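Asker: Given next are the chains, with one letter for each unit.
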Amino acid sequence: MCPDPMPFPTTPEAMTTTPSLHQDQPPLSWTRYFGFSTDAKVIGIQYIVLAFFFFLIGGFLAMIIRGELITPPADLVDRTVYNGLYTMHGTIMLFLFIFPVLNGLNNLLIPTMIGAPDMAFPRLNTAAFWLVPVFGLLLIASFFVPGGPAYSGWWSYPPVSIQNPLGNLISGQSLWLLAVALSGVSSIMGAINFVTTILRMRAPGMTLFRMPVFCWTALAAQSLQLIGLPALTGGAVMLLFDLTVGTSFYRPEGGGDPVLYQHFFWFYSHPAVYVIILPVFGVFSELFPVYSRKPLFGYVYVCLASFIIVGLGLIVWVHHMFPSGVTMWMRNLFMFTTMLIAVPTGVKVFAWLGTIWRGKLQLTTPMLFCLGGLINFVFSGITGIMLATVPIDIHVSNTYFVVGHFHYVIYGAAVMGIFAAIYHWFPKFTGRMPYEGLGKLHFVLTFIGANLNFLPMHPLGLMGMPRRVSSYDPEFAFWNVLASLGAFLLGVSIIPFLLNMISSWARGPKATHNPWNAIGLEWLLPSPPPVENFEEHVPTVISRPYGYGTGLPLVEHQAEIERQLTLQEASA
Amino acid sequence: MTPSPSPINRPAVVAVSLWVGLLIGISRWVGLQSYHWFPVQASNAAPLVDGLFSFETTIGTFVFLAVASVMAWVILRHRAEKYDASDAEPIEGNTKLEIIWTAIPFVLVMAIAVYAMKVNTSLGVLGPMEHIHLADAREQQGGYPGDRLPAESIEVVARQWSWEFRYPEAGVSSTELHLPLDQPVTFRLVSEDVLHGFYIPAFRLKQDVIPGRAINFNLTPTRIGRYRLRDSQFSGTWFAANQADVVVDSQDDYQAWLKQAAALPLQAGISDAVVEYQQRLQQTPTPGWATVKPAPPPQVNVPGSNALPHDA
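First to last, the protein sequences are chains A and B. Residue 88 in our numbering sits at position 88 of the first sequence, with consecutive numbering throughout. Residue 73 in our numbering sits at position 73 of the second sequence, with consecutive numbering throughout.
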């Protein structure tokens, strides 16, 4: 534990003049990961480790769901239990796995990539992180309250979500809503920090168009959080009032409108998908150049595309509501805006293809995860266009086609990209190299498992199997068996990952400052970096990122900095 | 992607053209296959939806295979030699290419959207249910745009967890939906409790049923048979069991069914939820977590069945 006694400087001028606060501290102990640290690199790892703890819980729930669905009747668990489990699976995976793990990457990568000593508001950062275990505990506690956890799906559409069968004030649903509202508060606190840090604390010379794409995508994603989250959090609080104190915001018998909630919910929750996928686009944009030994193709266009996605992402939410009773002009309008998102997204996909084209590919574990994630993403983009098409969506909305589509986006692309990021930056932040053999095994199992699990969901949806069902007609059995086998394979795939992480962190080979020969400020730091990164010696950036093959140095005195790092490593 | 002014590599152009031709062929074939991924077509909406889906599947297959081909080529041919840590030729971008690959997807998705909008218009599934809409004389007669004046109006009552169908003109109610072949039908969709989804996959149509609102919805069945109606908007514990059968009859059979049904006394209709709830009450301790109690089965002339083999 190293609670910081002094406030961190928050302006670039102050940073360069304040002496380092941590210079004379004893070697850092592993116990700091269990306390209230204000160090973004500690918080980043706290986020990631906690997220994977919840990933295991959410994954375990998925195994029960797929166990139930391997046969047509509702025979493994009671229907009430099934509904609670699928609700909690979605909630845990989104609010306790994917958002926290991405915030972990933000914490590790943003300060080191832009040369800042820490986040702009370190204490706010600590508070934002510690809200995660608090609302995580609330959600897990909801399994043990009378009546069981929330069961109305992660959308929590009223009136089902305000039915409250036992009539208790403390119900699974009310705890769920409280947890989601707290998660919103935590994310808003994080977003303020990330946006401020990126805008105000970049290294000298790092103009916006010399900034790594990961930071561009993080800036885009966190701006979306700031715009969208108030709508969801407000909507959830109103729902909590309907549930607990009898207001009628959404209650039809009191003059409320249940469809209003859907607007609040999707106004945020569609952009939330971009909050998830944009940083993963950032990871792809960072990693393809490294492992192709080529500059990112069309860097400026890739940067700008992120913000075009932000703009469009905010005006597409009604495509989740095509069958909800919206008017025809809204259906048509939102179909057009949704389709347009394919354009900036296509720019990015083509940029990555342009990057690997004629490169010198190194098929390392992170590169394999990127390539696998990219092809899965292209597939999910195509089914996304189909879903944007109103007449097709009318048929397949709320069916397994949608479930297949978004699992391709989230697991097939985003989670694969997150694994790529973890393998790539693991040496930087732990000082140890991960094992390639286990990593490749992890990739193969994940890629096959994800496709076997999620591809069969598409024919199921086209045939008309609704999502969220605890039982189904026998004609759907064949594809469901395949999907369940894929899910169990995915469950197995996490074993080599955990083994790799634990064993290589404990006794993996020591990492040099730049084991992948990558270009970026973070690779000009020792592995692991000192508490305040560059401290007062922040290098001056003189060129664009990804200068592979150009021979241009990224920063002033680069050769000198690298020589010193190599000397340090040799003497250690 | 090479900015070099080298002369055109003829064999490469031929090979790429042949490959693209092959991909177009495969995509066309997959597009035609896609018709088999759906249930039978049992309404006049189905061919339109399936046609649109086939069109998008063709384009999507081509895009996917083209991207996959580039990736496969790069992985096979542009891999670094073992121990070769050197950089590749630094190509930083190409504005002409950026314009091309912005314009082509733009044109493509707009073309799809315009096609889909036309299908939307011809489907016209949405009745005059907008909160605010222009007055339409045909509406006053309970009718629909153009020549599709509905012959029959059927009220659909969705509950936790049963479907009830009322035929006001014939004075019939049922928990099995009967429809006449090739006749436009208007439904009046209402819910007594929560959101439900009125979804008949064989018809390719779906509409949420919203408590506090009556929604008009029309369709025309085009194939005799027995199909599934499924609840498509999560409605609580027995959501999955909230299924009814839709029977499309010939005109004569339909009229005969109505006449026969009107003579039958009221009895309890189908509600699988009620049956399962009773079984649940027998067990001690009660399994699982809390649940809303199912509404009593609706009193109807014809319970019908939801356990017979169905076409889709």
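Do not take every clue at face value.
To be verified - What the simulated footprint calls covered on chain B by chain A, stretch by stretch (three residues with Cβ under 8 Å from a Cβ of chain A suffice, anywhere in the stretch; the number is not a length):
1) 33-47
2) 259-268
As the list claims (entries may be wrong) - If you anchor each label on the Cβ, the simulated ranges turn out as follows:
3) P133(A) <-> L18(B): 40 to 46 Å
4) E192(B) <-> P133(A): 37 to 43 Å
5) K96(B) <-> F143(A): 38 to 44 Å
I should point out that these hints are in silico values taken from the structure, not numbers from a laboratory. All figures in this text were calculated on a predicted structure; none of them were measured in a lab. Don't be surprised by glycine CBs; every beta carbon is placed ideally from N, CA and C.
Asker: Does each hint fit the structure? Answer for all of them.
Answerer: So, going through the hints one by one against the coordinates:
{"no.": "1", "hint": "33-47", "in the structure": "holds (count 4)"}
{"no.": "2", "hint": "259-268", "in the structure": "violated (count 0)"}
{"no.": "3", "hint": "P133(A) <-> L18(B): 40 to 46 Å", "in the structure": "violated (59 Å)"}
{"no.": "4", "hint": "E192(B) <-> P133(A): 37 to 43 Å", "in the structure": "holds (42 Å)"}
{"no.": "5", "hint": "K96(B) <-> F143(A): 38 to 44 Å", "in the structure": "violated (58 Å)"}
The earlier numbered hints that this structure contradicts are 2, 3, 5.
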